[in-house]
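Those protein sequences? They're chains B and A, same order as listed.
Mind the numbering: the first sequence is residues 1 to 221 in UniProt numbering, read in order.
Mind the numbering: the second sequence is residues 1 to 468 in UniProt numbering, read in order.
Hints are computed from structural coordinates only; laboratory data are not their basis.
Among these hints, one or two may not hold up.
[Unchecked claim] Here are the simulated BS3-like cross-link-like pairs (lysine-lysine), alpha carbons at most 30 Å apart as the crow flies:
1) K410/A / K205/B
2) K23/B / K395/A
3) K74/B / K405/A
4) K110/A / K24/B
5) K74/B / K205/A
6) K24/B / K74/B
7) K23/B / K70/A
8) K205/B / K161/B
9) K74/B / K70/A
10) K459/A / K423/A
11) K459/A / K130/B
12) K202/B / K70/A
13) K24/B / K395/A
This one's a predicted model, so the numbers in the text were calculated from it and none came from an experiment.
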Amino acid sequence: MNSLRVPLIRDGLFQTGAADSHKKNTPRPLEGLQIVDVGCGGGLLSEPLARLGASVTGIDASADLIEVAQRHAKLDPALGSRLNYIHTAAETHVCEAPEKYDAVVSSEVIEHIHDKNFFLEQCVKLLKPKGSIFLTTLNRTTESWLGGIVAAEHLLNLVPKGTHQWELFIQPVELQDILEKCGCSTKLIHGMCYNPLTDEWKWSKNVKINYALHAVKAESN
Amino acid sequence: MAPIMFLSPVTMAFSNVSKKLLMSHAGFICNSSLIQKCHQSTSGSQHYDIIIAGGGLVGTAMACALGSAKVLSEKKILLLEGAPAKPITLKDTYSNRVSAINHASVELFKHLSIWEDIRGHRVQEVRKMQVWETCSDSLITFSEDDLSNPVAYIIENDLMMWALSKCNENIPNSSVRYSAKIKDYAFPHSSDVNTPEVLLETGEKLSCDLLIGADGINSKVRSKMDTMVERTDYNQMGVVATLSLSDPTNNIVAWQRFLPDGVIALLPLSESTSSLVWSTSVEKAKSLIGLTGDSFVDAVNEAFLKEFPSNPFVESLLKNLNLSPGTDKQIPPSINGVQENSRAAFPLGSINVSRYVNDCVALIGDAAHRVHPLAGQGVNIGFGDVQCLADQVAKAAYQGSHIGKGAHLKVYQSERLYETLPKMKVIHFMHTLYKTSFTPAVVLRSLGLSLVQSMPLVKKQLIKRANS
Numbered sequence: 001m002n003s004l005r006v007p008l009i010r011d012g013l014f015q016t017g018a019a020d021s022h023k024k025n026t027p028r029p030l031e032g033l034q035i036v037d038v039g040c041g042g043g044l045l046s047e048p049l050a051r052l053g054a055s056v057t058g059i060d061a062s063a064d065l066i067e068v069a070q071r072h073a074k075l076d077p078a079l080g081s082r083l084n085y086i087h088t089a090a091e092t093h094v095c096e097a098p099e100k101y102d103a104v105v106s107s108e109v110i111e112h113i114h115d116k117n118f119f120l121e122q123c124v125k126l127l128k129p130k131g132s133i134f135l136t137t138l139n140r141t142t143e144s145w146l147g148g149i150v151a152a153e154h155l156l157n158l159v160p161k162g163t164h165q166w167e168l169f170i171q172p173v174e175l176q177d178i179l180e181k182c183g184c185s186t187k188l189i190h191g192m193c194y195n196p197l198t199d200e201w202k203w204s205k206n207v208k209i210n211y212a213l214h215a216v217k218a219e220s221n
Numbered sequence: 001m002a003p004i005m006f007l008s009p010v011t012m013a014f015s016n017v018s019k020k021l022l023m024s025h026a027g028f029i030c031n032s033s034l035i036q037k038c039h040q041s042t043s044g045s046q047h048y049d050i051i052i053a054g055g056g057l058v059g060t061a062m063a064c065a066l067g068s069a070k071v072l073s074e075k076k077i078l079l080l081e082g083a084p085a086k087p088i089t090l091k092d093t094y095s096n097r098v099s100a101i102n103h104a105s106v107e108l109f110k111h112l113s114i115w116e117d118i119r120g121h122r123v124q125e126v127r128k129m130q131v132w133e134t135c136s137d138s139l140i141t142f143s144e145d146d147l148s149n150p151v152a153y154i155i156e157n158d159l160m161m162w163a164l165s166k167c168n169e170n171i172p173n174s175s176v177r178y179s180a181k182i183k184d185y186a187f188p189h190s191s192d193v194n195t196p197e198v199l200l201e202t203g204e205k206l207s208c209d210l211l212i213g214a215d216g217i218n219s220k221v222r223s224k225m226d227t228m229v230e231r232t233d234y235n236q237m238g239v240v241a242t243l244s245l246s247d248p249t250n251n252i253v254a255w256q257r258f259l260p261d262g263v264i265a266l267l268p269l270s271e272s273t274s275s276l277v278w279s280t281s282v283e284k285a286k287s288l289i290g291l292t293g294d295s296f297v298d299a300v301n302e303a304f305l306k307e308f309p310s311n312p313f314v315e316s317l318l319k320n321l322n323l324s325p326g327t328d329k330q331i332p333p334s335i336n337g338v339q340e341n342s343r344a345a346f347p348l349g350s351i352n353v354s355r356y357v358n359d360c361v362a363l364i365g366d367a368a369h370r371v372h373p374l375a376g377q378g379v380n381i382g383f384g385d386v387q388c389l390a391d392q393v394a395k396a397a398y399q400g401s402h403i404g405k406g407a408h409l410k411v412y413q414s415e416r417l418y419e420t421l422p423k424m425k426v427i428h429f430m431h432t433l434y435k436t437s438f439t440p441a442v443v444l445r446s447l448g449l450s451l452v453q454s455m456p457l458v459k460k461q462l463i464k465r466a467n468s
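With the hints as extra help, turn the sequences into a complete structure.
Here's what the structure looks like:
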C-alpha cells in the first residue's frame, strides 16, 4: 500500500505548502518536517517517510510492535536518527508534544478504535496549526464486509481471522464530520483498490472498501 | 576529387579528438574520490548504495542513468570493472566492433546528454535496410517515407564507451574501480546477510543495498542467483571486419543476406567504409580469418552477390500471388579491401534467463539475455534494461522504499521480460527458419517476407517494435 500512501502524503504536503516546493524531485523532499505515525505497528509507513527526509516519530500502544519496528529500522543504517519509536498512546503523547507535528499519519488504525471522536481529537492536538492529517481506513459497507472480512480474512487469508470488526469501520462522511468538529477541513478522499492476483494497490474512484483521506487543521483553534 | 577533399578535414578533426580523449581519460583514472564516496559499515566492509558489476557499455550506462537521476543524487554508486583502466582512443581508422543503435537507445543517450558528443564524432545514419536470401527472390526493405529519417545508427562501441565513461566521470556520486577481481558474492536470499556483499580477490569486502549484474554472458552474479538459464549454442561464430568500398557512395543502406550457412551483414560507416558482421559455421569462420586480405574480400563479395539457384516452386508461387519483388532489389556496394587487423571472430550463442531479479539483486544486458546478432538488437535490449531499471529505482527511492527491496525490482523484471522475450523468440525463429533450404521453410519465409514487404503498415509496426 506504500506505493499509494507515501506519494499521497508526500504530494499532499507539497500541496499545502508544508514541504518546500524546491525539494520536489530531490532525494529528501520531506526534509525538515516533523511527522508522527500514530499506531505505527512494525514501522511499515514510518520508514519510507523517514527515508524521504522527514523526522518521523512512530508511536504504538503495543510494546512488542515497537520492538519489532526498532529492530527492523536497524537493518537500514541510512534511516539514522530521523526515525524514533515510542511505546505510548496518542493521548499520552499529546502531553509530551502538543502541536509539534507538521503531519499526523494513521494508517489502518481507526477502524479498530471504539472512541473515534476522542482518538481523532488527540491526533489533531498533535498537529501544528495548518498541519495535515492523513488517514487510510475501511468504509462500513456491504462491499467492505465482503472484501475486508469475508475475502481478506476467510477466503484469501491475507490477514488473520478476527483482525477486523465490521461494526467499527467508518464511512468517509462520518470521518469528515468528526474531523470538522476537531477543526480540520477535508481536502481529499480517494478510494483504494487491491488486486490480490497482482498484489498491487491502485487508486480508484470507488471508496466502498478502502479509502484515504487528507484533512488540514485550521490556522488557529 | 570531392570525396578526398571531404575526407581530409574529418581525419584532421579526429586526430584532435584522440588527444582530447586521452587527456580527459587520464583525469578519470586518477579520480581518488572513492573514499569520500562510501562509508565504513559496522561489519568492517565498505558500504555503497548501489554496486554495478561489469563496466562494459551496459554497466557504464547503468551507472550514468542512476547517477544522473536527481532523486538518486545522494546514492553512492560504484562500478566494478575487472579490466585495468585503459584510455580509450578513437583512431582515425574505424574499429571493427560497431553496433546498430535504435531510437530508444538514442533517447537514452540524449537523456544522458551524450548524444551530441557521439554524433559530433562519427555516426552513420542508416536510412534503409535491405534483407534478402539465396533460395528465392523475396526481399524486404525497411525505411522511413522518402528515406527522410534514419531507421538506425551505426556507432563504434569504443565511441559509445568513451562518451559513457566521460559522462560517469562527471557524476559526483558515482565512481569506478578498475582491475576489480571478484572472488565471491553473498546474497540475502541464499546467505545470512541482510544486503548483498561482494568479496574481492584482495580480501576486501564491499556491501550494498542493490547489486546490479552487468557482467555479461558468463555472469558471476547470475550464477549466485536463484535463476534458471537456458542456453542455445548456434555452433556459429560471428566474423567482424572493417571493409573499404570499391567506389565511394552515399552509404546509407544496411544490407543483410541470409545464406545457407549463416547471415552476412554490411553496415555503413562512411562514404567509403563499411563494417562486416558475418555469422557462419565455426569451420568457415576460422577459414575466413585465415584467408589473405584479397581472398577474404572475394569471399565477402561472393556472399553478397552470388546467384544461387532459386527454388522454382517458391518462385512460381510468389509470381502467381503477384508478390514478386520486381524492381525493389538493389545491389550492395562492392568491396575492395579489408582494413588490416580488423578481422576477428567470436562465438555465438543465446541465453535466456528465467528471472532477472532476486532480493536486492538485478541482472541487465547480456547477463540477463543474449541474442543472435542477426537483428542487431543485443546492446539495444541492454540499454532498454538500463532505462527501465533506472526509472524503477528512482521511483522507488522517491517513494521512500529501500532501493533493493520492494516491488519495483519485480516491476522491472516483468516489464523487461514482456519486452525482450518476444524479440528473443522472433530472432531465434528467424535463425531457425533461414538456416535451411527445405522447401516448406523457404515458402514460409519467402511468403512472409514478401507479404510484409507488400504491407507498409505492418512494416511500420515492425520498425516501431525494433526501435522500442
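Here's how the hints hold up against the structure:
A C-alpha spacing of about 27 Å is found between K410/A and K205/B, which places the hinted pair at or below 30 Å, so the restraint holds. Proposed proximity of K23/B and K395/A is supported: the alpha carbons are some 15 Å apart, at most 30 Å. Proposed proximity of K74/B and K405/A is supported: the alpha carbons are some 15 Å apart, at most 30 Å. Only pairs whose Cα atoms come within 30 Å are accepted, and K110/A paired with K24/B is accepted, the gap being roughly 23 Å.
Taking the CA atoms of K74/B and K205/A, the gap is near 20 Å; set against the 30 Å cutoff, the hint holds. Note on K24/B and K74/B: the hinted pairing holds, with a Cα-Cα distance of about 28 Å set against a maximum of 30 Å. Taking the CA atoms of K23/B and K70/A, the gap is about 11 Å. The hint holds against a cut of 30 Å. In summary, the hint linking K205/B to K161/B is supported, as the alpha carbons are separated by about 28 Å, within the 30 Å threshold.
Annotation: proposed proximity of K74/B to K70/A holds, straight-line Cα distance about 26 Å (limit 30 Å). Between the alpha carbons of K459/A and K423/A the distance comes to roughly 15 Å, so the proposed pair stays at or under 30 Å and holds. Distance restraint check for K459/A and K130/B: the Cα-Cα separation of roughly 58 Å exceeds the 30 Å cut-off, and the hinted pair is therefore not satisfied. The suggested pairing of K202/B with K70/A holds, with an alpha-carbon distance near 26 Å, which does not exceed 30 Å.
Annotation: proposed proximity of K24/B to K395/A holds, straight-line Cα distance about 13 Å (limit 30 Å).
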